[in-house]
Every structure is written in structure tokens, then in C-alpha cells.
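A.B. asks: Sequence:
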Amino acid sequence: MNKTILNSPSIRKYLAKERKLFIAFIIIFIGCVSFATVISLDHIRTLSIRYEPIEVTATAEFQGSQIVGTRINRHFEEVRMVKVDLPDGSQGQVRSNDIKIGEQITVLKSSNNGQLFEEKPAGPGVIEWIIVMGCIIIAILMYLFFTVSWERIRAVKKAAKREAPMFELNILKEKDKLLNSNGQTYQAIVQASTLEKVPIGSQLELVIDASGVISPKLQNPVHARIGQFKSNEYSIMLAIKGVDEWYIGYGLTPAAKAKQLKLSNSSQ
Numbered sequence: 001m002n003k004t005i006l007n008s009p010s011i012r013k014y015l016a017k018e019r020k021l022f023i024a025f026i027i028i029f030i031g032c033v034s035f036a037t038v039i040s041l042d043h044i045r046t047l048s049i050r051y052e053p054i055e056v057t058a059t060a061e062f063q064g065s066q067i068v069g070t071r072i073n074r075h076f077e078e079v080r081m082v083k084v085d086l087p088d089g090s091q092g093q094v095r096s097n098d099i100k101i102g103e104q105i106t107v108l109k110s111s112n113n114g115q116l117f118e119e120k121p122a123g124p125g126v127i128e129w130i131i132v133m134g135c136i137i138i139a140i141l142m143y144l145f146f147t148v149s150w151e152r153i154r155a156v157k158k159a160a161k162r163e164a165p166m167f168e169l170n171i172l173k174e175k176d177k178l179l180n181s182n183g184q185t186y187q188a189i190v191q192a193s194t195l196e197k198v199p200i201g202s203q204l205e206l207v208i209d210a211s212g213v214i215s216p217k218l219q220n221p222v223h224a225r226i227g228q229f230k231s232n233e234y235s236i237m238l239a240i241k242g243v244d245e246w247y248i249g250y251g252l253t254p255a256a257k258a259k260q261l262k263l264s265n266s267s268q
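Numbering (full-length UniProt numbering), first residue to last: 1 to 268.
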């Protein structure tokens, strides 16, 4: 393991950033999965409840505190409650504004807890299921994000290994003088390569990650160690040796750059 790479200031800043992102993404992922699971189980339990109609007789009324409102916005409220006699001789109570004392009426008895209802309670609505689906979608995105962060952390450590594939690059020109959203960009030619799929003479668009890097100092030939290679795109994650420290960078072949531009244009 090349400790010089891992101890380089730019590399350490990059790893610290990715670790923070990894932790944040995984916390949000766990939160969304937990919330969606609890709410989904509650919805399923609610939908599985059966309601048996029974004849009861109203005997008295009183004011009671009960949870009212939608399933999303519930709160306690003082409501009119009616005491009733059940066919088996037991007593119960049901919330109602219309049942008169002495009246015989049909109410619904819950199979879950025996609670009585004048009308069947509303089940989970569309908005409630949308909230669950939204949490699931966010959880999937967070899973993808923390997987990417984890892969980047592993890629840096892989690039620091002695057996990591290597490039020798010749920087032709600096493509952009100012930092763009990704970092400093250069045009480069592969002068030496231990990676068969990117032979000598290949052109690369080299992007130095912007994490903590204002102006990377490079000197030809530039030594780069390969941490991650996406063969389907020919996109390469590199540890790049500068004059006084190592940097994280990405190499794009013309084919990968064209694919990147195509995806960018299609999303606009």
C-alpha cells in the first residue's frame, strides 16, 4: 500500500468528503426504509381489519376525548360519545352526533380491538400511499448514492496498492483555465499503459477533482494509478501524481465523453 497517496492532502480531503456523503446517504436510507416499513405495515394492518355489524341499544351519552382527523393529520378532540348495550349483555361506546338515547341501531365492531363505529373508518388514502412510495424512491436513490461513495473510497485504496494498473500521461494542454463544476480539465495522451483496454496513444480528457484543489501542479510525464475502470464507458478513476502531492482525477476517452454529452443533452 502506497501511504504517500493516502496521506496526500488532496486525497485526504477527497476521502473525508466521500465518507461524510456515505454516512449521510446511509442514514437517510435507513430512515426512509424504516419509515416506509412502519407505515406500510400499519396500512396493511388497517386494510386487514374486518367489521362485523351488530345491533345495539343506546343508553347514555357523554363527552369524550378521541383521535380525529385524517391518518396523516390526527389530533385529540372532544366529541359526543354514546354508551350502548351489546347483544351479549356487555357495554360499549361509539362516537356519534346522531344516535338518540333509547334508539336501537346497527354499528360496526372491529375485529382488531372490538371498538365500535357508526360507519366504517376510512382506510389509507392515495396521498398516504404516495408518501410511502416517495420514501421508497428516496431510499433507492440513497442506496445508489452511498454505493457510489463506497466504491469511490475503495477505488482510492485500490489505486494506492502496489499492483494497481498504471498510466504515464503526456498533458497536451489545459482545456479550461477556470474550475468547472467537476474540476480542472486537461487533454492528455497515454504514453505508457498496463491496462490493455486503454493502449498507448489513447486520448484522454483528464479531470482533476475539485475537492480542495485550486490549481493542481502537474509535470510531464504524469504518473497515474488506476483505481476504477468502467469498461462499458471507458471512464477511469485515477490517483494522479503532481509535483508535490497526489490528486484524484477521472480520465474519459472520446467515446466516454460522447456518451456523457449525449446523456447530458437528453436530460435537458
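To be clear, the hints were calculated from the coordinates, so they are not data collected in a lab. Bear in mind the structure is a predicted one, so any value in this text is a computation, not a measurement. Glycine included, every Cβ here is placed at the ideal spot set by N, Cα and C. You may find that some hints are simply not true.
As the list claims (entries may be wrong) - Here are the simulated DSSO-like cross-link-like pairs (lysine-lysine), alpha carbons at most 27 Å apart as the crow flies:
1) Lys230 to Lys259
2) Lys173 to Lys20
3) Lys100 to Lys83
As the list claims (entries may be wrong) - Computed spacing ranges between beta-carbons, pair by pair:
4) Gln228 to Ser110: 53 to 63 Å
5) Thr147 to Pro199: 24 to 34 Å
6) Gly125 to Ile27: 42 to 52 Å
7) Arg154 to Ser34: 24 to 34 Å
8) Ile44 to Ile137: 15 to 25 Å
9) Met166 to Lys13: 15 to 25 Å
10) Asn97 to Thr147: 51 to 61 Å
11) Leu141 to Met166: 32 to 42 Å
12) Ile200 to Val243: 20 to 30 Å
13) Ile44 to Thr147: 37 to 47 Å
A.B. asks: Would you mind marking each hint as holding or not holding in the structure?
C.D. replies: Hints, verified against the model:
1. Pair hint Lys230 plus Lys259 holds up; C-alpha atoms about 13 Å apart against a cutoff of 27 Å.
2. With a C-alpha separation of about 34 Å, the suggested pairing of Lys173 with Lys20 is violated against the 27 Å cut-off.
3. Of the supplied pair hints, the one linking Lys100 and Lys83 holds, its CA atoms being roughly 11 Å apart against a limit of 27 Å.
4. Under the hint 53 to 63 Å, the C-beta atoms of Gln228 and Ser110, about 56 Å apart, fit the expected range.
5. Taken as a hint, the range 24 to 34 Å holds for the pair Thr147 and Pro199, whose Cβ atoms sit roughly 30 Å apart.
6. At roughly 29 Å, the beta carbons of Gly125 and Ile27 sit outside the given window of 42 to 52 Å.
7. Against the hinted window of 24 to 34 Å, the Cβ-Cβ separation of Arg154 and Ser34 comes to about 27 Å, which satisfies the hint.
8. Checked against the given bound of 15 to 25 Å, the beta carbons of Ile44 and Ile137, roughly 19 Å apart, stay inside it.
9. For the pair Met166 and Lys13, the beta carbons lie near 23 Å from each other, so the given range of 15 to 25 Å is met.
10. As the Cβ distance of Asn97 to Thr147 is approximately 55 Å, the hint placing it in 51 to 61 Å holds.
11. Evaluation of the 32 to 42 Å hint for Leu141 and Met166 yields a pass: the beta carbon distance comes to about 35 Å.
12. Checked against the hint of 20 to 30 Å, the C-beta distance between Ile200 and Val243 comes to roughly 24 Å, which is consistent with it.
13. Remark: the range hint 37 to 47 Å for Ile44 to Thr147 is contradicted by a beta-carbon distance near 29 Å.
Of the numbered hints listed earlier, those contradicted by the structure are 2, 6, 13.
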